[in-house]
Amino acid sequence: MSESMQIHEHFQIKWGMVIDVDKCTGCGACQVACQAENNIPPSQQSFDRLRSVHWLYVYKLENGRPYPESDIAYLPRPCMQCGNPSCASVCPVIATTKDEEGGIVSQIYPRCIGCRYCMAACPYHSRVFNWFDPVWPKGMEKTLTPYVSVRPRGVVEKCTFCHHRFQLAKRRARAEGRDPHHLKEDEYIPACAEACPTGAIAFGDLHNPEHKVHQLSRSEHAFRILERLGTEPQVYYLSRRPWVRRQGDNYVQKDQQRGE
Amino acid sequence: MLEKALKGSKTYWVWIIFLLAVMGAGSIFYIIQLQKGLTVTGMGRDVSWGFYIAQFTYFVGVAASAVMLVLPLYLHNQKKFEKMVTLGEFMAVAAVVICMGFVVVDLGQPQRMLNMIFHPTLNSMLFYDMIVLSGYLLLNIIIAWNNLHAEYQRRPHPHWLKPLIYLSIVWAVSIHTVTAYLIQGLPARHLWLTAIMAPRFLASAFCSGPAILIILALIAKKFTRYDPGKEAIRILAQIVTYAMVTNVFLFLCELFTAYYSNIPGHEHILTYFFTGLHGANALVGWAWVMAAAAILSLVILVPSRFRNHPDMLLVGLVLLILATWIDKGLLLIVGGFIPNPMGTITEYAPTGYELMISAMVYATGLLILTILWKVAIGVKKEIGEA
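Protein sequences, first through last, are from chains A and B. Residue numbers 1 to 260, in my numbering, belong to the letters of the first sequence in order. Residue numbers 1 to 386, in my numbering, belong to the letters of the second sequence in order.
Hints are computed from structural coordinates only; laboratory data are not their basis. All figures in this text were calculated on a predicted structure; none of them were measured in a lab. Beta carbons are placed, not taken as given, at the ideal position from N, Cα and C, and that holds for glycine. Each statement offered as a hint is correct.
One side of the interface only, derived from the structure: several residues of chain A facing chain B at Cβ under 7 Å:
#1 Leu50
#2 Arg51
#3 Ser89
#4 Cys115
#5 Arg116
#6 Ala120
#7 Arg153
#8 Val155
#9 Leu229
Some chain B residues near chain A, calculated using beta-carbon distances under 7 Å:
#10 Thr39
#11 Arg45
#12 Ser48
#13 Trp49
#14 Leu107
#15 Gly108
#16 Arg112
#17 Met113
#18 Met116
#19 Thr121
#20 Asn123
#21 Phe127
#22 Pro187
#23 Ala188
Please take these sequences and the hints and turn them into a complete structure.
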């Protein structure tokens with residue numbers, strides 16, 4: 001898709017993530033931090049990946065070569081907050097849009113009717129459906145984050161780049177008399193990026209040259225998942241290993257590798 | 001007129017009670033689904049639409065039973081369809097109700113479905129599908145009911161219906177097109193991402209809808225001795241045959257594109273259907289039954305010698321319905337999710353809950369069809385058309 005056709009390119013700020021796959025050890029801290037921060041209930045069937053709720057999921061990649069060339073990589077996958085979100089255009093009740101400064105794809109849980117059209121449209125499995133009622137074992141409700149609403153069964157939800165943290169950061173900036181649309185590096189950062197022990201997840205405004213993601217996303221090692229689909233993800237990945245980059249867009253490969 | 005549905009033979013009432021019983025049994029399962037959520041279905045992260053949405057897409061096609069009679073009758077003055085047209089229109093009403101039923105049972109939050117009206121979304125195909133389906137429902141009820149009422153009162157058909165009838169012809173095309181657009185515009189769903197999806201929907205609808213109509217009309221004839229006319233069925237069978245030839249041709253076009261180009265995305269799903277992929281082969285049997293039924297149906301329907309033979313016609317139509325149902329009501333929707341965009345295969349099979357709830361929706365449609373046809377045939381017999 002040509003630059004001129006991009007409907008959402010008018011934002012001043014474009015929140016983005018650059019995840020260094022080579023730094024990721026697959027520890028899953030980001031996944032846990034995400035679940036705790038965003039009030040994702042403990043899974044009813046945690047072994048069932050197809051029914052559990054994950055806003056961010058760490059995938060294991062393998063190069064499929066025998067020893068000694070065998071190699072693995074871990075790829076954390078939040079919502080890509082696409083520049084051209086396939087999910088937003090299909091929603092029949094305007095429960096998901098990309099219309100706020102910053103370019104985060106929103107999700108209005110109380111309005112969602114659970115038709116799952118957005119799940120069919122999203123190529124990244126970033127959208128998850130609540131197959132079960134959210135239940136917190138007694139006592140665990142004390143861990144709920146007050147800024148994030150809990151979602152009922154039957155609606156679709158997704159990673160919001162911890163949007164509530166964005167709101168808090170803007171409020172803080174306003175209180176201090178600063179421009180809320182010009183946040184400093186790391187003033188707003190999602191829980192996953194904050195929790196990553198190896199610093200693999202960088203977060204910031206892709207448009208702002210003062211933020212490190214601006215430079216990182218332009219690295220020669222940067223790639224985006226299924227880039228050929230023209231979804232223009234705001235999540236970039238870095239890897240110095242060509243096979244990892246190749247798997248990022250297995251759309252044009254022979255589709256032999258499994259993305260799990 | 002509705003009083004005609006209140007008087008009937010013992011067989012009629014047994015049938016009505018049977019349908020009500022199926023609806024009742026199915027609704028128990030639906031209540032459980034409402035309480036437990038869609039977790040009672042076989043769907044999951046990878047295959048997030050299943051049997052329900054597949055039945056929905058198939059029954060949008062079945063609603064084409066009306067247009068294939070209305071068009072020849074009103075645009076080409078084919079008077080032979082006069083006796084059958086009301087049946088076709090009422091069947092479209094029942095089919096659209098089935099469609100809407102399947103969308104509702106698939107929703108995670110059905111009590112919020114009016115959000116589609118409160119928050120109209122001009123960029124969502126599902127919104128347009130709601131408009132075209134409810135529009136087609138209304139058009140067919142208004143047209144068929146008023147025409148029938150005029151006949152009942154032995155008056156000519158009202159003139160003000162004419163524009164609506166012409167509109168209904170165009171509208172019929174829109175329901176298949178919009179439903180195809182629902183799935184054909186999604187990136188990374190290779191099976192669906194094809195420009196001939198809408199033409200395929202039209203071809204499949206124009207053969208399966210009238211085919212089911214012929215069979216149901218013949219059943220009705222057996223029970224009510226209302227003859228929709230030999231000539232009408234003969235010509236309708238011809239239309240069905242042309243549409244089925246087109247339908248099979250378009251499917252073969254998909255096969256050609258996939259296998260001649262060797263594009264993995266296009267190829268993999270068809271390979272999954274017909275031979276299985278990476279050991280996953282749940283639908284292989286169905287796919288071959290579809291292929292065999294489609295070919296056999298054409299062998300029977302294409303030569304006029306077989307087609308004009310009442311029993312052979314019946315066999316041909318049953319095979320055709322089987323083939324088109326497997327194609328659209330089983331493979332098409334699930335196939336869009338296999339393999340998933342990351343190249344992984346998750347197979348899907350409907351659970352008992354899904355089948356029972358589907359039976360409930362089917363029975364509801366059949367009940368509406370029975371009542372409407374009872375009225376129509378009652379009126380037509382009374383005015384001496386039989």
